[in-house]
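Asker: The sequence shown lines up with residues 165 to 243 when you count with our numbering.
FYI, nobody ran anything at the bench for these hints, they're computed from the structure. Be careful, since some hints might not be right.
Said to hold, decoys possible - Here are the simulated SDA-like cross-link-like pairs (lysine to any residue), alpha carbons at most 25 Å apart as the crow flies:
| no. | residue 1 | residue 2 |
| --- | --- | --- |
| 1 | K213 | E228 |
| 2 | K166 | L234 |
| 3 | K167 | V223 |
| 4 | K232 | M175 |
| 5 | K204 | M175 |
| 6 | K204 | D174 |
| 7 | K213 | Q169 |
| 8 | K227 | K213 |
| 9 | K167 | E219 |
| 10 | K213 | S226 |
| 11 | K227 | M175 |
| 12 | K236 | A211 |
| 13 | K227 | D174 |
| 14 | K176 | P217 |
What the hints assert, rightly or not - Computed spacing ranges between beta-carbons, pair by pair:
| no. | residue 1 | residue 2 | range |
| --- | --- | --- | --- |
| 15 | G197 | E228 | 30 to 40 Å |
| 16 | T186 | K166 | 27 to 37 Å |
| 17 | S198 | E228 | 17 to 27 Å |
| 18 | D174 | R238 | 12 to 22 Å |
| 19 | D183 | E231 | 17 to 27 Å |
| 20 | P187 | I207 | 15 to 25 Å |
| 21 | K167 | P189 | 28 to 38 Å |
Ideal Cβ placement from N, Cα and C applies to all residues, glycine included.
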Amino acid sequence: MKKVQILLQDMKRAQQLADFLTPIPGDFFLVSGSSVANAKSLIGILALKMGEPVELRIVGCSKEDEEKVLDKLRDGFLL
């Protein structure tokens with residue numbers, strides 16, 4: 165399992181993240197305090213506070229897909 169801190173500033177960024185992650189095999193969870201949301205679900209993401217750092221957990225993803233995700237996160241999501 166890989167863990168990275170990300171920031172979702174607004175609903176547009178949340179939608180971009182969910183749209184990007186949806187076709188990728190594996191599980192992606194956003195963790196904020198005791199709250200956990202499926203990062204492939206916009207409704208789940210919106211249950212968390214926007215504009216605050218959250219932890220993205222990448223589970224069961226191939227190394228190739230994990231690198232693809234990390235590259236995308238470096239493009240504006242990583243803290």
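Asker: Compare the structure with each hint and give your call.
Answerer: Do the hints match the structure? See the list:
no. : hint                       : verdict
1   : K213 with E228             : violated (30 Å)
2   : K166 with L234             : holds (10 Å)
3   : K167 with V223             : holds (9 Å)
4   : K232 with M175             : holds (22 Å)
5   : K204 with M175             : holds (14 Å)
6   : K204 with D174             : holds (16 Å)
7   : K213 with Q169             : holds (14 Å)
8   : K227 with K213             : violated (29 Å)
9   : K167 with E219             : holds (6 Å)
10  : K213 with S226             : violated (29 Å)
11  : K227 with M175             : violated (28 Å)
12  : K236 with A211             : holds (23 Å)
13  : K227 with D174             : violated (29 Å)
14  : K176 with P217             : holds (16 Å)
15  : G197 with E228: 30 to 40 Å : holds (32 Å)
16  : T186 with K166: 27 to 37 Å : violated (18 Å)
17  : S198 with E228: 17 to 27 Å : violated (32 Å)
18  : D174 with R238: 12 to 22 Å : holds (19 Å)
19  : D183 with E231: 17 to 27 Å : holds (19 Å)
20  : P187 with I207: 15 to 25 Å : holds (18 Å)
21  : K167 with P189: 28 to 38 Å : violated (19 Å)
In summary, the numbered hints that this structure violates are 1, 8, 10, 11, 13, 16, 17, 21.
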